[in-house]
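Chemist: Okay, here's what each chain looks like letter by letter:
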Amino acid sequence: MKHYVKLVRPYLIWSVLMIVIPLILIVIYSVTTGGNTLVNIQFTLSNFKKFAEPIYLQVFMKSLQIGVITVLFCFLFGYILAYKICKFSERAQSFMILLVTIPMWINTLLRTYAWMSILSDNGIVNTILTKLGLDPMTFMYTDFAVIVGMVSDFLPFMVIPIYTSLSKIDHSLIEAAHDLGANNVQTFFKVTFKLSLPGVVNGIMMTFLLSVSTFVIPKLLGGGQYMLIGNLIETQFISVGNWNFGSAISMILAVVILIAITIMRRMDPDDAEED
Amino acid sequence: MHNKIIELKHLTKNFGEQQVLKGIDLNIYENEFLTLLGPSGCGKTTTLRIIAGFEEPSGGEVLFNGVDISKVPAYKREVNTVFQKYALFPFLNVYDNVAFGLKIKKKSKSFIDEKVKKTLKLVGLEGFDKRNVTLLSGGQQQRVAIARALVNEPKVLLLDEPLGALDAKLRKEMQSELKKIQKEVGITFIFVTHDQEEALSMSDTVVVMNEGIIQQIGSPVDIYNEPENRFVAGFIGESNIIPDAVMKRDLLVSFDGFDFDCVDKGFKENEEVEVVLRPEDIDIVDVENSKIKGKVKSIIFKGVHYEIVVETQYRDYLIHTTDYFETGLHVGLSFGPEDIHVMYKM
Amino acid sequence: MRKKHGHRKLGAGLYIALCFLFLYLPILVTMIFSFNSSKSLTKFEGFSLMWYERLFSDSEIMEAVYVSLSVALLATLISTILGTITAIGLSKSRKLLKEVIVNINNVPIMNPDIVTAIGLMILFSSMKIEKGYLTMLLAHIAFCTPYVITSVYPKVRSLDPSIANAAMDLGATPFQALTKVILPMIKEGIFAGVLLAFTMSFDDFVISYFVTGNGVKNISIIVYNMTKRTNPTINALSTIVIVVIMVTLVIVNVVPAINKKKNKKKMALELENMNHI
Chain U
1 MKHYVKLVRP YLIWSVLMIV IPLILIVIYS VTTGGNTLVN IQFTLSNFKK
51 FAEPIYLQVF MKSLQIGVIT VLFCFLFGYI LAYKICKFSE RAQSFMILLV
101 TIPMWINTLL RTYAWMSILS DNGIVNTILT KLGLDPMTFM YTDFAVIVGM
151 VSDFLPFMVI PIYTSLSKID HSLIEAAHDL GANNVQTFFK VTFKLSLPGV
201 VNGIMMTFLL SVSTFVIPKL LGGGQYMLIG NLIETQFISV GNWNFGSAIS
251 MILAVVILIA ITIMRRMDPD DAEED
Chain F
1 MHNKIIELKH LTKNFGEQQV LKGIDLNIYE NEFLTLLGPS GCGKTTTLRI
51 IAGFEEPSGG EVLFNGVDIS KVPAYKREVN TVFQKYALFP FLNVYDNVAF
101 GLKIKKKSKS FIDEKVKKTL KLVGLEGFDK RNVTLLSGGQ QQRVAIARAL
151 VNEPKVLLLD EPLGALDAKL RKEMQSELKK IQKEVGITFI FVTHDQEEAL
201 SMSDTVVVMN EGIIQQIGSP VDIYNEPENR FVAGFIGESN IIPDAVMKRD
251 LLVSFDGFDF DCVDKGFKEN EEVEVVLRPE DIDIVDVENS KIKGKVKSII
301 FKGVHYEIVV ETQYRDYLIH TTDYFETGLH VGLSFGPEDI HVMYKM
Chain D
1 MRKKHGHRKL GAGLYIALCF LFLYLPILVT MIFSFNSSKS LTKFEGFSLM
51 WYERLFSDSE IMEAVYVSLS VALLATLIST ILGTITAIGL SKSRKLLKEV
101 IVNINNVPIM NPDIVTAIGL MILFSSMKIE KGYLTMLLAH IAFCTPYVIT
151 SVYPKVRSLD PSIANAAMDL GATPFQALTK VILPMIKEGI FAGVLLAFTM
201 SFDDFVISYF VTGNGVKNIS IIVYNMTKRT NPTINALSTI VIVVIMVTLV
251 IVNVVPAINK KKNKKKMALE LENMNHI
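Which chain is which? The protein sequence lines are U, F and D, in order. For the first sequence, the working numbering gives the first residue as 1, with consecutive numbering after it. For the second sequence, the working numbering gives the first residue as 1, with consecutive numbering after it. For the third sequence, the working numbering gives the first residue as 1, with consecutive numbering after it.
These are computed hints drawn from the structure, not numbers from a lab. On a predicted model such as this, the values are computed, not experimentally measured, just so you know. A couple of the hints might just be wrong.
In silico lysine-lysine, PhoX-like type, Cα no more than 20 Å apart, as pairs [as the list claims (entries may be wrong)]:
1. F:Lys118 / F:Lys179
2. F:Lys106 / D:Lys180
3. F:Lys76 / D:Lys128
4. U:Lys131 / D:Lys95
5. D:Lys95 / U:Lys6
Using the sequences and the hints, build the whole thing.
Modeler: Written out as C-alpha cells, the structure is:
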C-alpha cells in the first residue's frame with residue numbers, strides 16, 4: 001500500500017515550516033541580542049541572566065504558586081464532580097458530561113469578561129452580600145478573582161479525563177475489594193483512586209499547562225499591574241518590544257511545562273510501563 | 001490438463017533483510033483448483049498477494065496468459081480476491097458491496113442489476129440485497145465476499161485463508177460449497193490455507209510450501225501417499241518417519257535391522273533415505289508373524305479408531321486401528337511394500 | 001438504609017448543581033444582561049434588544065464577525081483536507097517518519113498557546129510577511145491541522161488494512177479507493193476534526209492577537225480591546241457566539257444518539273427477519 005505514502009509530504013513540509021522553524025527561531029532569539037531583525041545578531045546568555053533578577057523571579061514564583069493553587073482546586077472539585085457523576089444512570093451521565101464540555105468550547109475571554117461583572121465592587125456578588133446585610137468586599141484585582149476565573153475556566157479539563165478513567169473501571173473490581181474485606185473508604189483509596197490515576201495525571205497536566213501560561217485571565221481579573229509569566233511575555237512582545245528577552249521567558253515556560261509533564265507521566269502507571 | 005493461465009518464474013520477495021520467497025516456479029492452469037499449503041510464514045500469502053498485485057516481486061516474473069504483469073497495478077488485473085477477513089465495505093449493503101466493481105467499471109444499471117442478482121443467487125444469498133453487511137453471520141459475509149469477487153467474472157479467483165474465521169461445522173459446509181461454485185463458474189481458484197485437510201479435500205493440485213520454497217506439487221492423493229520429503233510427510237497428517245533407513249537397491253529398503261520390499265526405485269545403491277509409514281497403514285499382528293516387534297505403550301480412543309503407540313527396540317510407532325489392544329501386550333507390526341514411502345533425505 | 005441512600009443521592013445532586021452553577025454563572029450572566037435595557041451589568045432593569053441593535057449597527061464589530069467567520073471557515077476547510085490526507089498517508093508510512101510527524105504534530109497541542117503564538121509572530125516577521133488577514137489565516141491552519149490529524153488518525157489506523165486493497169482488487173484506482181471507500185469509513189473522524197478545527201479557530205484569541213496587524217481583528221480581539229469599559233454590546237455578541245456553539249454541540253451530540261437508536265431498532269427488525277428465513 002505504498003500508494004498513499006506520498007500524502008504525508010505536504011504536511012511534512014508545512015509542519016517543518018510552521019512548527020519546527022518557529023521553535024528554532026524562539027531558541028535563536030532567546031540566546032542572541034540585536035533586536036527584532038536577525039541581521040546583526042550576537043550570541044549571549046544575558047536574556048536568561050536577566051530573568052534571574054528579583055522582579056522577574058517573583059513573577060515566575062507567583063505564576064507557579066497561582067498555577068499550583070488552581071490545579072489543586074480543580075482537582076478537588078473536579079474529582080468529586082466526576083465521581084458523583086459516575087453514580088448516575090448512563091443517560092444522565094452523558095447529559096451531565098455534555099454540560100461539562102460545553103463551557104470548554106466557549107471562549108475564555110467571553111467567560112472571563114463575565115466574571116468581571118460578577119466580581120466587581122458593585123457586581124452581582126456584592127449586591128447579594130448587601131441584600132443579606134453584609135459588608136461588600138473587594139474581589140476584583142486580587143489573587144482570589146484570578147483563581148476563581150482560572151478554576152471556573154479550567155475545571156472541565158480536569159473533570160473530563162478523570163470521568164473517562166472512572167467510568168472505565170470494571171465494577172467487579174470494586175465488588176472484589178468489598179469481598180476481600182475492604183470497606184468503602186479503603187476500597188476508594190486502594191482501588192478506585194489508583195485506577196483513576198491516568199485521568200488524574202492527564203487532568204493535572206492540562207490544567208497546569210493552561211494556568212501557568214494564560215495571560216488573559218490575570219490581565220482581566222487581576223488588573224493591569226498583575227503580572228504572571230504569560231503577561232510578562234505579552235508585554236515583552238507587544239509593548240516593550242524586547243523579543244529576545246520575551247523568547248527567553250517563553251523557553252523557560254516551555255521547559256517548566258515539559259518538566260511538569262515528565263514528572264506527571266512518571267506517576268501515571270500506564271505510561272510508566274511503556275518505558 | 002488445460003492451458004497455462006498463470007506462470008510464476010523464479011519469483012523472489014524480500015522484506016528488508018528477510019527473504020520470504022526464495023525462487024518460486026509454478027504453473028497454474030485454466031479451470032484448476034490449486035491450493036497453496038504451508039505453515040504461517042511459509043510465503044503462501046505473499047505469493048497470492050503478488051499474483052493479486054498488492055506486492056511487487058523483488059525478482060522473477062508473473063506471466064498472465066504469457067504476458068508479464070508484475071508491474072501492472074492491482075486494479076488493472078483480471079483477477080479478484082476473497083480476503084482473509086472478507087474486507088467488506090461496512091457502509092454499503094450487500095447489493096452495493098457486490099455491485100462495487102461493476103459500478104467502478106461504469107456498467108449500465110440494468111447490467112449491474114442482473115449480474116448482482118445472478119451472483120447472489122449463485123452463492124445462496126437471494127433476497128439479501130438490502131441487508132447491512134456488518135450484521136450478517138460469518139458464513140454469510142463470506143458468501144458476500146465471494147459474490148463481490150465473482151461478479152466481475154475474473155479469470156482467476158484468489159482466496160486468502162477465507163475459511164479461517166469460521167467454526168468447524170460451517171467450514172465443512174463452505175468447503176463443499178466453494179468446490180461447487182468453482183465447478184459452476186469454471187474458472188481457476190487459487191486457495192491459500194494452512195489446513196492440510198482443507199487442502200486435500202478441495203483441490204485439484206496442492207502446492208506445499210515451507211520457508212519460501214515449494215516442497216512438492218501434486219494431486220492430493222500423490223501428496224498424501226508419496227510425500228517427497230520429511231517436511232511434506234510431517235505436515236500432511238501424522239506419520240511415522242524413519243530418518244535412518246538405507247536403500248540397498250531398487251525395490252529394497254533396510255531399517256530397524258531388517259530388509260523390506262518396497263515399490264520405490266531410482267535411488268543410488270546404499271543411499272541414506274527417510275521412510276514414511278502412515279499410522280493407518282500399519283497392522284498389529286501376532287509377535288511370531290512379524291519382523292518388527294514391540295509392546296503396546298499407550299492406547300487412546302479417538303472416536304472411530306484407536307491411537308496406539310507401540311514401543312520397539314529402535315523407536316515408537318504410531319498406529320491407527322479399530323481393534324483394541326491391552327497396554328503392555330507384546331505385538332508385531334506389519335505393512336506391505338506399497339505402504340512404505342521412501343523419500344530423499346533432507 | 002434506603003433513607004440514607006436517598007440523602008446521599010440528594011447530596012450528590014446538590015454538589016453537581018453547585019458545580020454547574022459555578023461553570024455556567026458567567027455564561028448566564030452574559031446572556032441575561034445582553035437583554036438589559038440599561039448599561040448596568042448588575043441590575044436588570046427591563047427587557048430590551050437595544051444592545052443587539054447597537055451590535056449590528058457597529059461596523060467595527062461586524063467587520064470582526066466577518067473576519068472570525070471567514071478565517072474559521074477557510075482554516076477549517078484547509079486544515080481538514082491537509083489533516084485527513086496526512087492521517088491516511090501516516091498510517092502507511094515507515095515507522096521512523098511516522099514517529100517524527102506524530103511528534104512534531106504534538107508540539108502545538110502540548111505547547112502553551114502563547115509560545116505557539118510568538119513563534120509564529122517571529123516567523124512571519126523574519127519572513128517579512130506583512131501581518132494581517134493572511135498571517136492570521138496561516139496561523140489558524142497551523143494550529144488547527146494537528147487537531148484534525150489527532151481525530152482522524154485513530155480512525156484510519158483502525159481500518160482493516162485490506163480494505164483499500166479490496167477496492168483496488170475490484171478495479172478502483174488508488175484515488176477511487178480513497179474517495180469511495182476510505183473517506184466514507186473515516187467520515188466520523190473527519191467530522192470530529194471539522195468541528196474541533198472550526199471551534200478552535202472561531203474561539204481563538206491568543207494566537208490571533210499576536211499574529212494579526214494592520215487593524216485586522218477577530219471577535220476575540222475586539223472583546224479584549226473593549227474590556228477596559230463596561231459595554232453590554234459585548235454581552236450581545238457573546239450571547240450570539242455562545243448560542244451558536246451550544247446549538248452546534250447539542251446537534252452534534254444528540255443527532256448521533258438518535259441515529260444510534262434508529263439503527264438499533266433497524267437491527268432488531270433485521271434480526272427478526274433473519275430468524276424467519
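Chemist: Any of the earlier hints contradicted here, and which numbers?
Modeler: 3, 4
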